[in-house]
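Peer 1: Residues per chain are reported as follows:
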Amino acid sequence: MTTRSMRALSGTLKPLFSLRSPQGFVVAACHQTHKSTYTAPPARYGGRHTVTLIPGDGIGPELAKHVCELFRFCCVPVDFEVVNVDSTKTSEDDINNAIMAIRRNGVALKGNIETNHNLPPSHKSRNSLLRTTLDLYASVMHSQSLPGVRTHHRNIDIITIRENTEGEYSSLEHESVPGVVECLKIITRTKSLRIADYAFRTAREKGRRRVTAIHKANIMKLGDGLFLECCKEVASGYPEITFNSMIVDNTTMQLVSRPQQFDVMVMPNLYGNVVSNVCAGLVGGPGLVPGANYGENYAVFETGTRNTGKSIANKNTANPTAMLLASCLLLDHLKLHGYASMIRKAILSTITDSQLHTADLGGKGSTSEMVQSIMDAIQSSGPRTQRH
Amino acid sequence: SILCNKTCVCPASQIQTVTLIPGDGIGPEISNAVMKIFEAAKAPIRWEERNVTAIRGPGGKWMIPPDAKESMDKNKIGLKGPLKTPIAAGHPSMNLLLRKTFDLYANVRPCVSIEGYQTPYTDVNLVTIRENTEGEYSGIEHVIVDGVVQSIKLITEQASKRIAEYAFEYARNNQRASVTAVHKANIMRMSDGLFLRKCREAAEKYKDVKFTEMYLDTVCLNMVQDPTQFDVLVMPNLYGDILSDLCAGLIGGLGVTPSGNIGANGVAIFESVHGTAPDIAGKDLANPTALLLSAVMMLRHMGLHGHAKKIESACFDTIRDRKVLTKDLGGNSKCSEFTEAICQRMKDMD
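In order, the protein sequences belong to chains A and B. 21 is the number of the first residue of the first sequence in the numbering used here; add one for each residue after it. 47 is the number of the first residue of the second sequence in the numbering used here; add one for each residue after it.
Think of the hints as simulated: they come from the structure by calculation, not from any bench. All values reported here derive from a predicted model rather than from experimental measurement. Backbone N, C-alpha and C define an ideal beta-carbon position, used for all residues, glycine too. Please note that the accuracy of each hint is not assured.
Calculated cross-link-like contacts (lysine-lysine; reagent style DSS-like; alpha-carbon spacing at most 25 angstroms) [claimed, not checked]:
| # | chain 1 | residue 1 | chain 2 | residue 2 |
| --- | --- | --- | --- | --- |
| 1 | A | K330 | A | K384 |
| 2 | B | K146 | A | K241 |
| 3 | B | K120 | B | K88 |
| 4 | A | K365 | A | K85 |
| 5 | B | K82 | B | K256 |
| 6 | A | K241 | B | K130 |
| 7 | B | K373 | B | K130 |
| 8 | A | K355 | A | K85 |
| 9 | B | K256 | A | K330 |
| 10 | A | K330 | A | K85 |
| 11 | A | K241 | B | K107 |
| 12 | B | K107 | B | K130 |
Not the full set, but computed from the structure, chain B residues with beta-carbon under 10 angstroms of chain A [claimed, not checked]:
| # | residue |
| --- | --- |
| 13 | Y167 |
| 14 | D192 |
| 15 | E203 |
| 16 | M269 |
| 17 | L289 |
| 18 | D291 |
| 19 | M395 |
So here's chain B without its partners, still in its complex pose:
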């Protein structure tokens, strides 16, 4: 399937620069694995490595290092490994900082069952699109009186309109048949009602894509019984968080799930959503699949479908073969061996 979301005219011979953020823990080793695989695939990508550890800018506000921001603004496309969530470091989570810096408003997670990695669910093929900037995660909380806390969920017309239109645009560009809006408007009449209205308005503009609406609880109920009935799901922040992780669980967990964050001004950062796994860091045991599939998603976004298909097939074939697998996939090979197997498969393809 084609995953490009803009009319991209990139000649295959032109090398594009992509900002690479290796991250912490197992981040550097899986980033190396991805770079090696891309080299073997002869993908026209040049990597620009940057570190995003937060620094205090003028005025005392926490921000990402200026060279990282400059690189992203120039290249527009980024690939990110797992980042450590600091406790008591004084600054907010790095993911939150990146999100705010580049206005990454849409989190896209395609969940496709991986042949060779058995889960109780087969034939899963859906995409969750989650609004990433507001909703329940606005972070606005107050203690009204001792023992009573109020958290504010913010839904704005502008953000809902933006995410709804992105969802339909994505469905159209990737040949997806339907978009389902997930909501709880029977209880949260005004907020989810506003979100739903914007989705309905966007549906009017994209008559070629089927639009349905479904309550959050009904989606959860049906998802665990028969996930094949879903296609593209669009929803506000909290429901998106829960549902995207639920769908990741259906295909095998965060270790094999790709993810992309789309921002304003054409910025897109693709990332692996698993943790930094400090216990296996540096031991050559990590599974690079999640970061690799995110990188494939990135290639498709850039219009390099040929290379994307090649790398993806090599990865899936290696997993389906079940001869060389990392520990979390049920094997006992090293990360480097797994990487080598994929590279070899691609060389054989040529």
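Bound conformation, chain A alone:
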């Protein structure tokens, strides 16, 4: 390893060593006492929450506007603090401002920030920076078949839980010899135990029966072997939940032939990227599935498949469902369940009953038509709300 990557790696290792207790390396998340109850995020004044909003690129800004519009219409007690991140700038000031705003508010709703991969490697992906700095270690995506959406498979209900901060996304690369590039994939015991524990806790809370760990331990014996070992260790503490494991290439094959066999899936970063995108595709595409990134202290909500949608930006054709459902997840996180279920019901009725679909689902509706239809559904079903 070069000195540069050693320094970068020791940066990763410092937080691990700081967890050293007098008894030794006590690390397993399942051994420490769970945080008792959820504490409300700090930014709540006069009953109104403040949430950071990062519009992002592509279809992000227009969808963010629709979310604001919808929240205003429903009189949701949430105020958005908008922080723009300019992806064309090379300085990291913008993203640092965004991170500071999220630290202040505790929660955020974000669009995807584009990464120009033709820039030199020192220019890191803004989304990745945000996730690792705030230690949003779990990326959760719930893919569910929706009635009224035509897909190749039916009755899919899969929760994918993906480790969000290490693995192949450690951004540790170097060219030791000209023409030979090494990219390091880091797997640590701490983070593997943490994500496995998160997966089993989530499965228990939601009453799910089976957790499947996805890996490639037959080839990457040490790395994925460690991940698998940690999952098995955590599984022993949850006897009511069945645990099994599957190799990632077999997983994708099973997903396209019989996706109904999967319940909760937990995996390292890169496989998580592949599997969650496959699951999103199976239930109808990137326009339908919301995603959430949870950390110990912060939560950031976005569309599940993190696309910028550059090609359909500003054409009023984007499917707002994913972003709106993400905002419902945000409301649930803020304990505003009433508003969340009201909006969710309206979205579902628009898709299934009125069959108003945007282009990605094969329909001809526009984004604004869909949002209007959702607002109409809310108005007709609930108490009178203000209309602007």
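Let chain A serve as the given structure and place chain B on it in line with the hints.
Peer 2: Below, chain B without anything else, positioned relative to chain A:
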């Protein structure tokens, strides 16, 4: 479609020798089925059977038996059945050994929907070309401190250049319209960036083939919604492993998917990628389709397009007919009955 990848001038009357590695489990019976079908098709192929169980060579290094290596070096073309992956046998996997011995750098998997074998996806017609020697499967791993493991993904200029050029060459020789490079250069800037650069450079030399680049997650997302939008995909090792199995799943699984490994010095080994299925071995229940389609791919590589077309049509017609099918295809016929049906169909064609 023509699948020959070199300007092959093989007169049909000249019999060519091909190394046959039957393999383990159901390997011998499906190899027999393929040999029988080739005989019925009157293909000018002579089979040279070899065993590749690893032996310890001088110096203690594991290697394939010298007569197998000699046969492959002489014949250049091989057909391989499924090989058992030994656990605790002390030697690495046989596939890995073959790969290293013959420098099989490209794994080519054409995935075409089979009429008669229904899957939720129809009209799939794409080819995945996967770099097979480096990338995430370099096998270099270290434990840095207790509880922290590092795996190294190696991308070299030479290997990326080689696979990119092979992909374009393949596209040109097989009348494929476009090549898509699959990568994750937004995250792995240097490694996938290098791979992408080499693909772009190769694209410059093959202006007649359209070149696009797409993120791995976008490919996965779009593949399961509409696989018809893809043509030839070229990618590094890990993505190739995942995507090629995903595409195999789209057309019906490993039991019907052909695969070819192209090596340096003109060596090419075609294989079935399913397992040895020890539970049905020797019971005449196996499905020889995967090995048969790989053998057809081999014929096309050798330039014997006429025979390839005949055998392929006979196989597809038999499956489309749905009268004689093995258990995994939804029928209840034996392997020998399925083989016989294909042979009969070819005799009727003449």
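Peer 1: Work down the list of hints and note, for each, if the structure agrees.
Peer 2: Tested hints:
Simply put, K330/A and K384/A have alpha-carbon atoms about 19 angstroms apart, close enough for the 25 angstroms limit, and the pair holds. The suggested pairing of K146/B with K241/A holds, with an alpha-carbon distance near 19 angstroms, which does not exceed 25 angstroms. Straight-line distance between C-alpha atoms of K120/B and K88/B comes to about 23 angstroms, which keeps the hinted pair within the 25 angstroms bound. Of the supplied pair hints, the one linking K365/A and K85/A holds, its CA atoms being roughly 20 angstroms apart against a limit of 25 angstroms.
For a cut-off of 25 angstroms, the pair hint linking K82/B to K256/B is broken: about 41 angstroms separates their Cα positions. With a CA separation close to 19 angstroms, the supplied pair K241/A and K130/B stays within the 25 angstroms bound. Our distance criterion of 25 angstroms between C-alpha atoms is met by K373/B and K130/B, whose separation comes to about 22 angstroms. Our distance criterion of 25 angstroms between C-alpha atoms is met by K355/A and K85/A, whose separation comes to about 23 angstroms.
Between the alpha carbons of K256/B and K330/A the distance comes to roughly 21 angstroms, so the proposed pair stays at or under 25 angstroms and holds. Of the pairs offered as hints, the one joining K330/A and K85/A holds, with about 17 angstroms between alpha carbons and a cut-off of 25 angstroms not exceeded. Only pairs whose Cα atoms come within 25 angstroms are accepted, and K241/A paired with K107/B is accepted, the gap being roughly 21 angstroms. Annotation: proposed proximity of K107/B to K130/B holds, straight-line Cα distance about 20 angstroms (limit 25 angstroms).
Satisfaction of the interface hint for Y167/B is found here, the shortest Cβ-Cβ separation to chain A being roughly 6 angstroms, below the 10 angstroms cut-off. The beta carbon of D192/B comes within 7 angstroms of a beta carbon in chain A, closer than 10 angstroms, and the hint placing it at the interface holds. Taken as an interface hint, E203/B checks out: its beta carbon lies about 4 angstroms from the nearest beta carbon of chain A, inside 10 angstroms. Interface hint status for M269/B: upheld, as the beta-carbon distance to the closest one in chain A is roughly 7 angstroms, under 10 angstroms.
Taking 10 angstroms as the C-beta cut-off, the interface hint given for L289/B holds, the closest approach to chain A being about 8 angstroms. Because the beta carbon of D291/B sits about 4 angstroms from the nearest beta carbon in chain A, less than 10 angstroms, this interface hint is met. Look at M395/B: its Cβ only gets to about 33 angstroms from chain A, farther than 10 angstroms, so that hint breaks.
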